[in-house]
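2 protein chains.
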Amino acid sequence: MPFATRVHPGKKIRLSDIDPKANGGLEKADGEAQLEKLSLELGELQELLYAAGTHSLLVVFQGMDTAGKDGSIRAVFNHTSPLGQRISPFKVPTPLERDHDFLWRVHSQTPEKGMISIFNRSHYEDVLVVRVHELAPKAVWSKRFEHINNFERLLADSDTIIVKFYLHISPEEQEQRLLDREREVEKAWKLSAADWVERRSWSKYMTAYEEAIQRCTTSYAPWIVVPSDRKWFRNLAVAESLVETLRPYRKGWVDALTERGQAELTAIRAARGERGRRN
Amino acid sequence: MPFATRVHPGKKIRLSDIDPKANGGLEKADGEAQLEKLSLELGELQELLYAAGTHSLLVVFQGMDTAGKDGSIRAVFNHTSPLGQRISPFKVPTPLERDHDFLWRVHSQTPEKGMISIFNRSHYEDVLVVRVHELAPKAVWSKRFEHINNFERLLADSDTIIVKFYLHISPEEQEQRLLDREREVEKAWKLSAADWVERRSWSKYMTAYEEAIQRCTTSYAPWIVVPSDRKWFRNLAVAESLVETLRPYRKGWVDALTERGQAELTAIRAARGERGRRN
Chain A
30 MPFATRVHPG KKIRLSDIDP KANGGLEKAD GEAQLEKLSL ELGELQELLY AAGTHSLLVV
90 FQGMDTAGKD GSIRAVFNHT SPLGQRISPF KVPTPLERDH DFLWRVHSQT PEKGMISIFN
150 RSHYEDVLVV RVHELAPKAV WSKRFEHINN FERLLADSDT IIVKFYLHIS PEEQEQRLLD
210 REREVEKAWK LSAADWVERR SWSKYMTAYE EAIQRCTTSY APWIVVPSDR KWFRNLAVAE
270 SLVETLRPYR KGWVDALTER GQAELTAIRA ARGERGRRN
Chain B
30 MPFATRVHPG KKIRLSDIDP KANGGLEKAD GEAQLEKLSL ELGELQELLY AAGTHSLLVV
90 FQGMDTAGKD GSIRAVFNHT SPLGQRISPF KVPTPLERDH DFLWRVHSQT PEKGMISIFN
150 RSHYEDVLVV RVHELAPKAV WSKRFEHINN FERLLADSDT IIVKFYLHIS PEEQEQRLLD
210 REREVEKAWK LSAADWVERR SWSKYMTAYE EAIQRCTTSY APWIVVPSDR KWFRNLAVAE
270 SLVETLRPYR KGWVDALTER GQAELTAIRA ARGERGRRN
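Here the protein sequences come in this chain order: A and B. Just so we're aligned, residue 30 is where the first sequence starts under the numbering used here, counting upward by one. Just so we're aligned, residue 30 is where the second sequence starts under the numbering used here, counting upward by one.
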C-alpha cells in the first residue's frame, strides 16, 4: 500500500482531506530501515537509467517553507551517484530570467538522457507565489497551467519520466519548525522574517496548490502528495514513490544496456584486432 | 501591396502556386532604393523595441540550400544595432542537444524583452530534414507540429513577436547557384557534395515544407513565403514584411519608453538632490 497519495488526472483533490501526520501505521525505526532499502534500490535504478541512456528522470519538489524539500533530497538521494544527477534550485528570478517566458529558465535545466534532474522549487512557483502575491495578473498566470502541461508533455514525449512531489505539512508543524530554527543560531540562516509573513497567506497557498495539483496532474506527469509532518515518514514516502515509478523500467534498461555493451565489445574487439594487424 | 505571401491560419497553401521569380513589377534599382528606406525604418523600430523593453522579436529563416538565409540577414539587418540582436544558427545537433527534447536548444536562444533573435534554420528542421531523411519515425516527428505551436504560443504570451520566413527558390535557380559556387574557389567553402545529394529530395522537401507551413501558421506566429529567385526582391520582401509587422507597435513603444524615461529622470533628480544635501 503506497504511503503517499498519487493524484489522478481529472479527479478532485482536497488537501485538507489528507493527514499531514500520517505514518502508514509504522514505527520510526521500521520506517528508517525501509528507507535504507529503498534508497539502495533507487541507487541501483539510477545506475541502470544512466547506463541504458534511453530515459531521463525529472523530480520536482514543492511545498511550504520548512516542508522539507532540502531534507528529502538529502535523505532519498544518498545512495545515488552525484555524477548522474543535478539539483536545480529555483529562487527569485533574475532580471534576465524575468525578461523571458516563465519556462525558459526551467527548460534549460531539464535532464538529458541517462540523467536525473531534481528541481528544488520549480515552474510551479509561477502559479503559486506569483498568484498568492499577485505578482502577475490573473490573465497571465491562469494561462500557465496549459503551458505547463504542454511543456511537460514535450519532455515526456522525449522519454523523460516526471514525478512531482508536494510535501504536505500542517501550519502547526510549520510553526514548530520555524520556532526551532529561531532557537538554534546554526539553523537560523535558513530563516527569514518573510517566512512568518508568508504564513499569513496559508489558505491562499492551499487554494493555489490545490488548483495547480489538479490542473497539472496528467498521466505523464502526476503529482504525489506526501504527508510531511514526520520527517522520517516523508522521506520513506518519497523514496517509495520514486522506486515504484522506476521499477517498471528496470527490465527495459537492462536490455538496452546489454545491447549497448554488446555493440561496444564488438567495436573494441575489432579495434584490438586491427591494432594487432598493424603492429 | 505586400511583396511576400502571408499564410493564413487554417488555409491550404501550395508552394508550386507561388512564383519564385516574382519581382512585384519592380526594377532592381527601384527595389534596392526601397530596401534602403525599409532597413533604415527597421533600425528605428529596433531602437524603439530595445528602449521600450516591453516586447521581443523572433525572426526565423528557413529555406533550401542557397535560398539566401545568410544573404537576407546581412542585407536586411544592416541598419539595426548588433547590440540589440543575436543570430543563432542551428546546425546538426550536438550529442548533448540530441539527448534533450528537440526544443531545448531552441528555447535557450529565444530573445529576452527588448531583443531580437534571428534563427538561421530553426526547430523546423526537426519536421523537415528529420522527416525527409527519416532520422526519426513518423510517430515522433508528427507530434512535433503541436509541440511547436504550443512553444510558439508560450513565447507569444510573453510578448514575443514571431515572424517566420520561408525563402522560396526554384530548383533551377538553386542549380545555377550551386554551379556558381563551384566556379569560384572563394565561394566553394559554402558548398558540399551533400548539397547535390540533397537536391534529389526536392519534392519530398516541398511536401514537408508545405505541411510545416500549413500546420504551424497561427495568428501569433505566421509563416511568410518569400519569392527568392531574385536576391534583391527577396531582401525587399523580407524587409517589408518585418517593417509591416512591427509598425503597429511603434506608438506603444514610444509611450513606454517615454514613461521609462520619465521615471528614470525623476529618480536621477532625486539622487542628485540627495547627493547635494550630503555634500
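Don't read these hints as lab results, they were simulated from the structure. Small disclaimer: the values here were computed from a predicted structure and weren't measured. The beta carbon of each residue, even a glycine, is placed where N, CA and C say it ideally should be. Please note that a few of the clues may not be correct.
[Unchecked claim] One side of the interface only, derived from the structure: several residues of chain B facing chain A at Cβ under 7 Å: (1) His129; (2) Ser137; (3) Gln138; (4) Glu141; (5) Lys142; (6) Lys172; (7) Asn178; (8) Asn179; (9) Leu183; (10) Asp188; (11) Asp224.
[Unchecked claim] Quick list of simulated restraints, FRET-style, between CB atoms: (12) A:Ala296 - B:Val214: 50 to 56 Å; (13) A:Pro111 - B:Ala168: 33 to 39 Å; (14) B:Thr287 - A:Pro38: 46 to 52 Å; (15) A:Pro111 - B:Gly82: 50 to 56 Å; (16) B:Glu213 - A:Ala296: 49 to 55 Å; (17) A:Glu201 - B:Gly281: 37 to 43 Å; (18) B:Glu240 - A:Gly100: 31 to 37 Å; (19) A:Pro38 - B:Ser110: 46 to 52 Å.
Unsatisfied constraints (hint numbers, rising): Violated hints: 3, 7, 10, 11, 12, 15, 16, 17, 18; rest satisfied.
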